[in-house]
Amino acid sequence: MKERMITLFTAIFGSFEAGIIYAIMALGVYLSFRILDFPDLTVDGSFVTGGAIAAVMIMGGANPYLATVLALFAGFLAGCITGVLHTIGKINNLLSGILMMIALYSINLRIMGRPNISMLNTETAFSKIENGFEKIGIDDFLNSLLTMVGLGDSLPETWGILIIMIIVTFVIKIFTDWFLQTEIGLAIRATGDNKRMIRSFSANTNLLTILGLGLSNALVAFSGALIAQQGGFADVGMGIGMIIIGLASVIIGEALFGTKTIVRTTLAVIGGSIIYRLVVSMALRIDFLDPGDMKLITAIIVIIALTMPKLLERSKEKKRKARRKAERLSLIKTSVETEGLNVIMAPEEGKGENHAAIKSDS
Amino acid sequence: MLQLNQIHKRFNEGSPDEKIAIDRINLTLKAGDFVTVIGSNGAGKSTLMNIISGGLFPDAGEVYIDGKNVTNMMEYKRSRMIGRVFQDPMAGTAPSMTIEENLAMAFSRNKPRTLRRGVTHKRREYFREVLETLHLGLENRLSAKVGLLSGGERQALSLLMATFTEPSILLLDEHTAALDPSRAELISNITKAIVDRYKLTTLMVTHNMQQAIDLGNRLVMMDKGQIILEVNEEQKEQLTIEGLLAEFKRIRGTQMASDRAILS
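Chains as they are written, first to last, in my numbering: chain A, 1 to 362; chain B, 1 to 264.
Chain A extracted, bound-state conformation:
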């Protein structure tokens, strides 16, 4: 029992740590998919671009923080190009994302020079943070708390990443909330909601789409840079299916935590990202499944999340119809019993009148 608790805690801790970093990517996907109504597949490429730039620069001796920020700008640029392809090149939105994703695959390989870069034993943004936390002694303090509640055998290596990432992710969340309430932010939201309307209020929807996609992919690449540093490696295939993971986080979050306001929805997306990681880590604990099945699991989660609401709605509608039919039948039955056939004739008359009315109108 105790052993189970301990592995469970380790799994939950790991899910939180990864989930909160991936949440930044999910916020990016939320910007493109929900706010701009643009299913942007650039994400699969820009995530790797972020990781690649961070890895190459860090291995080249650059400051890890600087490398992470630079990754963010690279993502912004990639998103802008997708935006230009769509708005000025007039290429279908899905296709412009796919084109950019494919182009980025080669670009990422060029950046890295080889398909995989390891950053083990190198100073990354996170190892710096870990060292800092050790010095202050926060890790010891939190770990002693854990030992007190009987989880002493599963102490995480560091609390630093989790705590810092909660702060970073929430700063980004608050920035997103603020930005979407500004005059420019409102115009971006309207671009995804009703293009014709916001154009009639003197907004350049092309520019706004480009800006929105840029910001979205900036967040995605930022997240990619952080994931690469957390895992200690960058791989040219690390972005495969990232858009679906992002979508899963957005959809799960929205379904569980609601979408009443922007502030609530961005929080929901972060929650969705953590829950997605939890679901995956729980699924992987089943002996039958192995890590290679993760993408399939993700796809199934998204398919269920996308189809369930409609199926539920349809079955509800069916029940409602059946109930109404039953009511009507019983009504006719009783009226036939009491008043004879007249009542059944009455609707016929009404129909005739309606018909006449329509005619005279036109």
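A hint or two may mislead.
List of simulated lysine-lysine pairs, DSSO-like, C-alpha gap at most 30 Å [what the hints assert, rightly or not]: (1) A/K90 <-> B/K19; (2) A/K195 <-> B/K68; (3) A/K316 <-> A/K260; (4) B/K145 <-> A/K310; (5) A/K333 <-> A/K321; (6) B/K199 <-> A/K195; (7) B/K122 <-> B/K77; (8) A/K321 <-> A/K310; (9) B/K249 <-> B/K236; (10) B/K199 <-> B/K249; (11) A/K173 <-> A/K195; (12) B/K224 <-> B/K19; (13) B/K192 <-> A/K195; (14) A/K173 <-> A/K295; (15) B/K122 <-> A/K195; (16) B/K145 <-> A/K316; (17) A/K319 <-> A/K333; (18) A/K90 <-> B/K77; (19) B/K145 <-> A/K195; (20) B/K224 <-> B/K68; (21) B/K111 <-> A/K195; (22) B/K122 <-> B/K145; (23) B/K236 <-> A/K173; (24) A/K260 <-> B/K145; (25) A/K195 <-> B/K249; (26) B/K236 <-> B/K199; (27) A/K195 <-> A/K310; (28) B/K111 <-> A/K173; (29) A/K260 <-> B/K122; (30) B/K111 <-> B/K30; (31) B/K192 <-> A/K90; (32) A/K318 <-> B/K145; (33) A/K195 <-> B/K236; (34) A/K173 <-> B/K145; (35) B/K249 <-> B/K224; (36) B/K122 <-> B/K111.
If you want the footprint, here are the derived chain B segments under chain A, 3+ residues with CB under 8 Å [to be verified]: (37) 91–101; (38) 104–112; (39) 117–130.
In case anyone wonders, no lab produced these hints; they're calculated from the structure.
The beta-carbon is built from N, C-alpha and C at its ideal position, and this holds for glycine as well.
Knowing the structure of chain A, use the given hints to seat chain B on it.
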């Protein structure tokens, strides 16, 4: 205020489907003019609206707004000067955003958009004030999503959003046609009140002859891409539907063929 100079527009040029949509139209609106435009389907009314708003560019001719040549100006730039209400009540507002956010976007029409907050305390008070003039109770629902409003309410809001920044030109594109009769009348009345209040230079397309006669100080009748009849202020006072139909018959030699021209 608005001047159209020898506007010409053809669709599908060079193909067997070639069609002259606008045929050398000249039209001038003085400041404060409220011109209603009627005509059967395919007369070119909507094309004319789109050429003024910048949704389409003319093959020949010029468009002047406030004395400035805007013929080749992009739609989004031009819309700083033009307020527009569409036929579809869903078209003029953003459904997933709140009433106050919609108003804030309309408020930014003639100013550069910045990173300042869209809905501030001060603006909210102002929005409440202008919404009160609609008498629909929307001033108490500022943070409700616009998608929850009825068609009539949305159209009233669209109308307010198009006008409260006092654009140089107001374009109304059959903006009551998709509403039921009582709602259409409500929007008609609100239109009249708003145009009077801000003294807006207005061009309104309608299928409803009675509405065309009741509203505005001038009337224009279009057919096959041309303006075939212009009614000035004095003539318009005595105008009737019968008079209009007779006039059409006299000019064109046929009955006005329109299944949608409502004679109510």
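Taking the hints in turn, this is what the structure says about them:
1. A/K90 <-> B/K19: holds (26 Å)
2. A/K195 <-> B/K68: Distance ~26 Å between A/K195 and B/K68 Cα, so the pair holds.
3. A/K316 <-> A/K260: holds (23 Å)
4. B/K145 <-> A/K310: holds (22 Å)
5. A/K333 <-> A/K321: holds (18 Å)
6. B/K199 <-> A/K195: holds (29 Å)
7. B/K122 <-> B/K77: Holds. B/K122 to B/K77 sits at ~27 Å (cutoff 30 Å).
8. A/K321 <-> A/K310: This hinted pair holds, its Cα atoms lying about 16 Å apart.
9. B/K249 <-> B/K236: At roughly 18 Å apart (the allowed maximum being 30 Å), B/K236 and B/K249 satisfy the hint.
10. B/K199 <-> B/K249: violated (34 Å)
11. A/K173 <-> A/K195: Given pair A/K173, A/K195 holds - Cα atoms ~25 Å apart, limit 30 Å.
12. B/K224 <-> B/K19: The given pair, whose Cα atoms are some 10 Å apart, holds under the 30 Å limit.
13. B/K192 <-> A/K195: Holds - the C-alpha atoms of A/K195 and B/K192 are around 28 Å apart, at most 30 Å.
14. A/K173 <-> A/K295: Holds - the C-alpha atoms of A/K295 and A/K173 are around 27 Å apart, at most 30 Å.
15. B/K122 <-> A/K195: holds (27 Å)
16. B/K145 <-> A/K316: Roughly 25 Å between the alpha carbons, so the hint for B/K145 and A/K316 holds.
17. A/K319 <-> A/K333: With a Cα-Cα distance of about 21 Å, the restraint between A/K319 and A/K333 holds, given a limit of 30 Å.
18. A/K90 <-> B/K77: holds (20 Å)
19. B/K145 <-> A/K195: Holds, because 17 Å separates the two Cα atoms, which is no more than 30 Å.
20. B/K224 <-> B/K68: holds (28 Å)
21. B/K111 <-> A/K195: holds (19 Å)
22. B/K122 <-> B/K145: Distance ~20 Å between B/K122 and B/K145 Cα, so the pair holds.
23. B/K236 <-> A/K173: violated (59 Å)
24. A/K260 <-> B/K145: holds (10 Å)
25. A/K195 <-> B/K249: Violated. A/K195 to B/K249 sits at ~41 Å, over the 30 Å cutoff.
26. B/K236 <-> B/K199: Roughly 19 Å separates the two Cα atoms, so the pair holds.
27. A/K195 <-> A/K310: holds (26 Å)
28. B/K111 <-> A/K173: holds (28 Å)
29. A/K260 <-> B/K122: holds (24 Å)
30. B/K111 <-> B/K30: holds (25 Å)
31. B/K192 <-> A/K90: Since the Cα atoms of B/K192 and A/K90 sit roughly 40 Å apart, the hinted pair is violated (cutoff 30 Å).
32. A/K318 <-> B/K145: At roughly 29 Å apart (the allowed maximum being 30 Å), B/K145 and A/K318 satisfy the hint.
33. A/K195 <-> B/K236: Cα-Cα ~38 Å, so violated.
34. A/K173 <-> B/K145: holds (22 Å)
35. B/K249 <-> B/K224: holds (14 Å)
36. B/K122 <-> B/K111: Holds, at about 17 Å.
37. 91–101: holds (count 8)
38. 104–112: holds (count 6)
39. 117–130: Since three or more residues must qualify, the claim that chain A covers the segment 117–130 of chain B holds, with 3 doing so at under 8 Å.
Checked against the numbered hints above, the structure violates hints 10, 23, 25, 31, 33; every other hint is satisfied.
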